[in-house]
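S.K.: Chain by chain, the residues run as shown.
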Amino acid sequence: MKPARKTVRRVRKASQPAARSEVIALPADCTLRNINALRERLCAVPADVTNITLDLRQMERFDTATLQLVAAFARDQVRRGINLLTCGNRPVWDEAAELLGLSATLAARAPTP
Amino acid sequence: MTIDLTQFHDAFFDESFEALDSMESALLKLDAGSPDAEAINTIFRVAHSIKGGAATFGFAEITSFTHSLETLLEELRSKRIAVSQRICDQLLKSVDVLRSMLGATKTKQPIDAQAVADLQFEIELIIVHRAGSAAAPDESSAASSAEPPGRLVEWLIELRPGPEFFERGTDPVRIFRELAVLGNLLVTAHLEALPSCEEMQPRRCYLSWSLSLVSDVPESTIREIFEWVNADCELSVKASGSTLPPPRSAESVPVPAAAVPVAAAPSVEPVAPAAQSANAADSGSIRVGVEKIDELINTVGELVITHAMLGQISHAIAGPASEALRTAIQQLERNMRQLQESVMRVRMLPISAVFSRFPRMVRDLGQRLGKQVELKITGETTELDKTVLEKIGDPLVHLVRNCIDHGIESSSIRAAAGKPPVGTLHMNASHRGGSICIEVRDDGAGLDCDRILAKARAAGLVGANDNLTAEEIHELIFLPGFTTAEITTDVSGRGVGMDVVRRNVSDLGGKIEVQSEPGRGALFLITLPLTLAIVDGLSVAVGDQTYILPMMSTIESLRLSPTQVTTIVDGREVFAFRNEYLPIIRLYRFFGLTSRARALHEGLVVVVEGAGRRIGLFVDDLLGQQQVVIKSLETNYGHVAGIAAATILGDGSVALILDVPDLIRGASRREAA
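Chains A and B, in that order, are what the protein sequence lines are. All residue numbers for the first sequence refer to the numbering used here, where the first residue is 1 and numbers rise by one. All residue numbers for the second sequence refer to the numbering used here, where the first residue is 1001 and numbers rise by one.
For the record, the hints were derived by calculation from the structure and aren't laboratory data. Careful, some of the hints might be misleading.
Said to hold, decoys possible - Stretch by stretch, here's where chain B covers chain A in the computed footprint (C-beta under 8 Å, at least three residues): (1) 25–36; (2) 39–45; (3) 54–64; (4) 70–80; (5) 99–105.
A virtual CB, placed ideally from N, CA and C, is assigned to each residue, including glycine.
Isolated chain A (complex conformation):
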């Protein structure tokens, strides 16, 4: 029995690509002034990533334009089956997302395969 289980695990590993994660650190100033650069950074995420983490820890300022951009990005990733996570969640970010009705979009998870 033991060898058979071992074989199954090997088969699974060979058929699925290794999970690849990308961490995107949002800059301190996430406002309209720097939004084009932020969009370029988000669009530069390689196609083969399976997990994306938005690191909010350095972010000091943001506006609705940034939340709109991140909402579009989050929705795109969910459609592609990619998980979008955030780290360094900040109360002000969450409060703003809540106020703008974007919490659900930002917290959406890709359907489990």
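Since chain A is already given, all that's left is putting chain B on it; use the hints.
M.R.: Structure of chain B alone, referenced to chain A:
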């Protein structure tokens, strides 16, 4: 019809700067413990007014910042947030930031985005924290809860922003935050129009929102929150369950953003520029550029010269018409003087324009140095020439900083000395004769004569055995590089203050004196001429030239006998005058002229004062006293040592006006060499 709004920019900036001054003044009077409602209203009105103007002209960053500021002020006004020291500090910083933004926008320079964003973030945090702690009843909310609640209504709000919503400086999250304060808010975002991240132009707004607000506020309160964004969005506000459309006002009509140019905004409160101009006219005053006034003064100066020429010509004319001509010239002279005085008055501004900066400065410095200082200002309506006003600010700043840093003691030291714990700094301005006197008086420790003398001896400024009077010791603080501070701080103590103060005051044709009483405080007294455009002068002859000595610098003229003059080293001459020896400068020698009087007893010595010292100027003769119009030599030619400016005399000849402080400094340098 398209209105060119740039023509109103200057008026907007001028009025905004003035409004900020009144905002700062009101803020400084705001007591964190028991804030005056009217003061908060004044501050709110300023922010509201600047926001309105900025929105009208499309200054998006100013609009955005003032919107946040206004939100905070509305919270304070409605007592939903209590006025604290921290909030006062942030509001004062807002004044600085707004001044900087307005200045940068006016001069088309980049705004310090970092400073603006930092402060805006701080302000929003205060608002957010209040919103977050709304459940915790504070004193103000307890008071409001005592009021009978109104009928709860569910308001349905539809907001469809135009594509340039963000770029116009509007951030929906701030609007929704304000709405959330009014009641229970539910927000639904519509993302149908939102393209993919790759396709989107991130500066455009693609989102729209449906909001449900359960609150007892009237519709007008909700619409007020959207007041400044109406031009760039479609907005609908209606009560739930009601099939009737909301009352159609000009604001509530959905306006397609692209169809409405910024110029269409004047219907929005506050008063649009054109209306502001109308109000200015109603108030009986107009704004006139300084260059226009200077041109007028220049023309009046030319008229004074022409009048003097006519007077001279009239004396050369004989016959029956000559008497009538002289009478007419006398009449002309009266009218001329009246015109001259009227024009000069236009340039006169109240010194409050300078004094107004000190309450803030004293407050900030007191906090930094841990001293309690009360500033008293009197005589702020005293008027003086605009140029003098602009140049006296820096010397006064030096004095005030020194008074707080060196003069006024900390509360504990004051208490130990039996003085009130709060020190007093008193600034006063008044007219005295043809001069302006500005006093800066503190009730601190006064000048420490022993310490000043010890420092001066250590620096070699005073001989080890020299005995100086208290007044002479006080004068030492005006020597270049002199300081008694043990530690150099960014407030004072670098020894570059008081000599610069004296030099700046001297350059304005004025003088500064100090009086001090140990343990009781010090008084700095600045005396300045009323104007720099015309000077009362004493005309003196040196060779074939006429020079003008400003009357303000002139003390006395005397004829010296040979026995009164002593020749010392290097052939320098001195004479005794009121218990001191004064050096003599022979002006013909200084300017390389041939003098009619060679021996001192053949001419006259005019004792003059400047830069804290006195000297005797040897001249051939005194010609008379007259008002002369100052013509800048530096503008028309260049700087000449010992000469302050030029003037044109009645016979059309040019006379040079002597720069007494510069002559004295030159004499001092020669003595030192």
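S.K.: Does each hint hold? Answer for all of them.
M.R.: Structure-based check of each hint:
no., hint, in the structure
1, 25–36, "holds (count 6)"
2, 39–45, "holds (count 3)"
3, 54–64, "holds (count 4)"
4, 70–80, "holds (count 5)"
5, 99–105, "holds (count 5)"
In terms of the numbered hints stated before, the structure departs from none.
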